[in-house]
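K.L.:
If you count the sequence shown from 1, position 125 lands on 124 in numbering that gives the first Met the number 0, and the numbers rise without skipping.
The set of hints was computed from the structure by calculation and includes no laboratory data.
Glycine included, each C-beta is placed from N, C-alpha and C at the ideal position.
Be aware that one or more of the hints could be misleading.
As the list claims (entries may be wrong) - The calculated lysine to aspartate or glutamate pairs, modelled on EDC-like cross-linking and capped at a C-alpha distance of 16 Å, are:
hint: 1; residue 1: Lys383; residue 2: Glu339
hint: 2; residue 1: Lys500; residue 2: Asp475
hint: 3; residue 1: Lys296; residue 2: Glu150
hint: 4; residue 1: Lys253; residue 2: Glu240
hint: 5; residue 1: Lys392; residue 2: Glu365
hint: 6; residue 1: Lys392; residue 2: Asp511
hint: 7; residue 1: Lys402; residue 2: Glu240
hint: 8; residue 1: Lys122; residue 2: Glu240
hint: 9; residue 1: Lys248; residue 2: Glu365
hint: 10; residue 1: Lys438; residue 2: Glu223
hint: 11; residue 1: Lys375; residue 2: Asp356
hint: 12; residue 1: Lys383; residue 2: Asp393
hint: 13; residue 1: Lys458; residue 2: Glu150
hint: 14; residue 1: Lys383; residue 2: Glu365
hint: 15; residue 1: Lys458; residue 2: Asp262
hint: 16; residue 1: Lys438; residue 2: Asp475
hint: 17; residue 1: Lys296; residue 2: Glu240
hint: 18; residue 1: Lys458; residue 2: Glu334
hint: 19; residue 1: Lys122; residue 2: Glu256
hint: 20; residue 1: Lys402; residue 2: Glu339
hint: 21; residue 1: Lys458; residue 2: Glu240
hint: 22; residue 1: Lys402; residue 2: Glu150
hint: 23; residue 1: Lys500; residue 2: Glu150
hint: 24; residue 1: Lys402; residue 2: Glu256
hint: 25; residue 1: Lys201; residue 2: Asp330
hint: 26; residue 1: Lys201; residue 2: Asp262
hint: 27; residue 1: Lys458; residue 2: Asp475
hint: 28; residue 1: Lys402; residue 2: Glu334
hint: 29; residue 1: Lys122; residue 2: Asp245
hint: 30; residue 1: Lys296; residue 2: Asp306
hint: 31; residue 1: Lys500; residue 2: Asp479
hint: 32; residue 1: Lys296; residue 2: Asp380
Claimed, not checked - Here are the simulated distance ranges between beta carbons:
hint: 33; residue 1: Arg238; residue 2: Ala464; range: 22 to 28 Å
hint: 34; residue 1: Ala464; residue 2: Asn170; range: 51 to 57 Å
hint: 35; residue 1: Ser537; residue 2: Arg238; range: 51 to 57 Å
hint: 36; residue 1: Arg305; residue 2: Arg461; range: 34 to 40 Å
hint: 37; residue 1: Asn440; residue 2: Gln93; range: 19 to 25 Å
hint: 38; residue 1: Asn170; residue 2: Val514; range: 34 to 40 Å
hint: 39; residue 1: Pro367; residue 2: Gly544; range: 43 to 49 Å
hint: 40; residue 1: Ala127; residue 2: Arg461; range: 52 to 58 Å
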Amino acid sequence: MKAFFTKKGIALLALLGLFSCTDTLQEYNPSGLTADTVYSTPEGFETLVNAAYSYQRWWYGKEEAHNMTELGTDIWTSGSGDTDRGLSQYLNLQGTNTYLATEWRELYAAVNLCNGGLARIDKAGLSATLRPIREGELRFLRAFYYWHIVETWGGVHFTTDETTGVVSTANRTPVAAFYDLILSDLRTAVDKLPTTQPQYGKVTKGAAQAFLARMCLARGLNQEALTLAQAVMANTAYRLEPNYADLWKMSNLKTREAIYVVDYSVNLAINDLVNATFNPYGHGRGSNNAHLLYLMKYDDRPGMVRDIANGRPFNRYMPTRFLLDLYSTNDARYEGSFNEVWYANSTSRPAGMALGDTAVYCTRREIPLAFQATRKYQTIDRVKIYNANGTVKDNLRYPSLSKFMDPTRPSLNEAQSARDVFVIRLAEVYLIAAEAQMKLNNLQAAADYVNVLRTRAAKPGRAAAMQVTAAQMTLDFMLDERARELAGEQLRWFDLVRTGKLLDRVRLYAPDNAVNIQPFHVLRPIPQTQLDAVTNKSDFTQNPGYQ
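Sequences are here, hints too, so could you generate the full structure?
P.N.:
Here it is as C-alpha cells:
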C-alpha cells in the first residue's frame, strides 16, 4: 500500500537524525547501514521505540486532529476562522480532505514502525529487564494508533507484519479484529510495563490500565473496564487536582492527575517546527498549537490589542450554546475552562476606560439592553452570539476555551506552545468507572464516582448543590458530564460515535452542524490518495456514503 509506507526506512532515519527527508526517499545509502543492522543493537532499538512515540505529535495538540475530534459534534461548531467545514459541519466531506489524508498516512506509518519493532525485538540484544518494558511500550503504542484508525475509518487495512517496501494492495478487516488485537496488546502491556518510567511521557502500567479501561468500555466489557479503572484510582501515584482550574496552569504541566501525556519541550527549537517528518504544517505551527484554535477575535475590540496573555486568536472553533448551558452556576469548571472578560491593554481606549479596566465582556448569559447601555465596555451576550434556535449569529465573538492558553510563549504571534497534552487524566478514569457501573446497573455506585468529580468542581459552599443521584445516571447524563469535564480534550467525536449518539445529539444540540450530517458520517472517508494508490480497487473501496 504505497500511501502507507512511502516514508521508506523511517525508523532508520530516526537513528541517523535525517528528519528533513521528503516523502520520497532516495535509495542511496552511503553508510551501508540497514534497519536489520541498526536494530540489532540496544542503542539502535532505542531509536525505534523513541520514533514510535513521536508519531503521537501528529495528533495531539495539532489542528488537524482537533478538527477531527471536537468539531462536528454537539459541543463545538465553526468560528469564522474555520478552514475545514467538511469536518466541522459535514459540508461536502470527501476523501480529498487533506486533514484526513495526513492523519491516515502518519497513523499507518506509526503502526508499521511498531510492527517492525515487535518483529525485531528478540534480536535487539536487550537485557532481560529492558526487553519486556520495550515490548509493552510498542504493544501499547500499536493499540493506541490502531484505535485512532478503527474509530475514525472503521474496518480498513489491518496487519501485524512490518512492510519494508512498496505494497500496492490493501485489505478490509472487520472492526472486531482490530479490537481483538487492541485488547490483546494492551493486556500484554499492562503485564509487562513498570509502574514508573525514568523518562516523563513514557507509558507506564497505570497508563496502559487506563487506556485499556477506555477500550473495554467501548467494547461493552464493563466489568473489566471497572476493575481496571478501580486499580488506577487506587494508585497513589495519581491524584485529582483539588482545583479544576489549576490543571491548566503552565506551571503545573507535571500534575499527578495526568496519567498519560504527549510531552512537548519548553525549548521550542527541539519540538517539531522544523521537522519535516513529524511537523504536519511547517508554517510556524509545530509543538502544541491548540492554544490558537478556540479563541474569539478580541484584538480588534475598543481598548484591546493582541498580546501574549490573551493569545493569538485563530478563531477556528466556537462552543455551541448547548455546551455553554451545560455548566450550572454552581460549577467552577465553567470559569476553569472559559474566558468571558478581556481587560483593556491598548494605549488607545474609549473615553473613561483605564488600562486594566474591563474592555470586553462576552458572556453566555443574557444581559438586559438597559444595563448594557450603562457600560463603558463592550458587552456581547448570548442573544448577540446565538439566534433563538441555537444557530450561530456571531462567529467572531464568544466565550473562549482557555484550557490550552500559554502565557509563557516568547512573543504575541508565537504559534508554538510548550504545553503538554493530557491524553488520559484521572478524572476520565472516574467517568469510565461511573459509566461502567451504570451499565452494570449499579446506579448509586455510578453516581458516587461522578460526585467525586462534581465535589471537586463545586464553587465554594456549593458542593451539596452539585451532587447527583442514582436516578440521574443515564447515558446522556454521562455524555453531558464528559463534556463538562473534558471539553476540547480531543475525545468528543470518539465518545459520541462509540455510544451511538453522534447523529441524535448533533441534531438536538448543534443546529449548524446538523444541516448536512447523515448516518454514514459516523465514519470518515478514506483518503482518495489511498484509494488511488491500491491496485485491488474492487476490494478496497471507499466507505459507504462517500464518492
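K.L.:
Does the alpha-carbon distance linking Lys383 and Asp393 stay inside the 16 Å limit?
P.N.:
holds, 7 Å
K.L.:
Are Lys296 and Asp380 close enough, with their CA atoms no more than 16 Å apart?
P.N.:
Measuring from Cα to Cα gives roughly 15 Å; hence the hint holds.
K.L.:
Is the hinted pair Lys458 and Asp475 satisfied, with a Cα-Cα distance of at most 16 Å?
P.N.:
Between Lys458 and Asp475 the Cα gap is close to 24 Å, so the pair fails against 16 Å, i.e. violated.
K.L.:
For the pair supplied as a hint, Lys402 and Glu150, confirm whether the alpha-carbon distance does not exceed 16 Å.
P.N.:
Judged against 16 Å, a Cα distance of about 25 Å means the pair is violated.
K.L.:
For the range 51 to 57 Å, tell me whether the beta carbons of Ala464 and Asn170 fit it or not.
P.N.:
Given range 51 to 57 Å: holds, Cβ gap about 54 Å.
K.L.:
For the pair supplied as a hint, Lys392 and Glu365, confirm whether the alpha-carbon distance does not exceed 16 Å.
P.N.:
This hinted pair holds, its Cα atoms lying about 14 Å apart.
K.L.:
Go ahead and decide if the range 19 to 25 Å is satisfied by the Cβ distance of Asn440 to Gln93.
P.N.:
violated, 43 Å
K.L.:
For the pair we were handed, Lys458 and Asp262, check the Cα-Cα distance against 16 Å.
P.N.:
violated, 31 Å
K.L.:
For Lys458 and Glu240, compute the direct alpha-carbon distance and say whether it is at most 16 Å.
P.N.:
Roughly 14 Å between the alpha carbons, so the hint for Lys458 and Glu240 holds.
K.L.:
A range of 22 to 28 Å was offered for this pair. Does it hold for the Cβ distance of Arg238 and Ala464?
P.N.:
At roughly 24 Å between Cβ atoms, Ala464 and Arg238 fall inside 22 to 28 Å, so the hint holds.
K.L.:
Does Asp511 sit within 16 Å of Lys392, going by the straight-line distance between their CA atoms?
P.N.:
Judged against 16 Å, a Cα distance of about 10 Å means the pair holds.
K.L.:
Asn170 and Val514, beta-carbon distance inside 34 to 40 Å?
P.N.:
Because 35 Å falls inside the window, the suggested range holds.
Checked against the numbered hints above, the structure violates hints 3, 8, 9, 13, 15, 17, 19, 22, 25, 27, 29 and 37; every other hint is satisfied.
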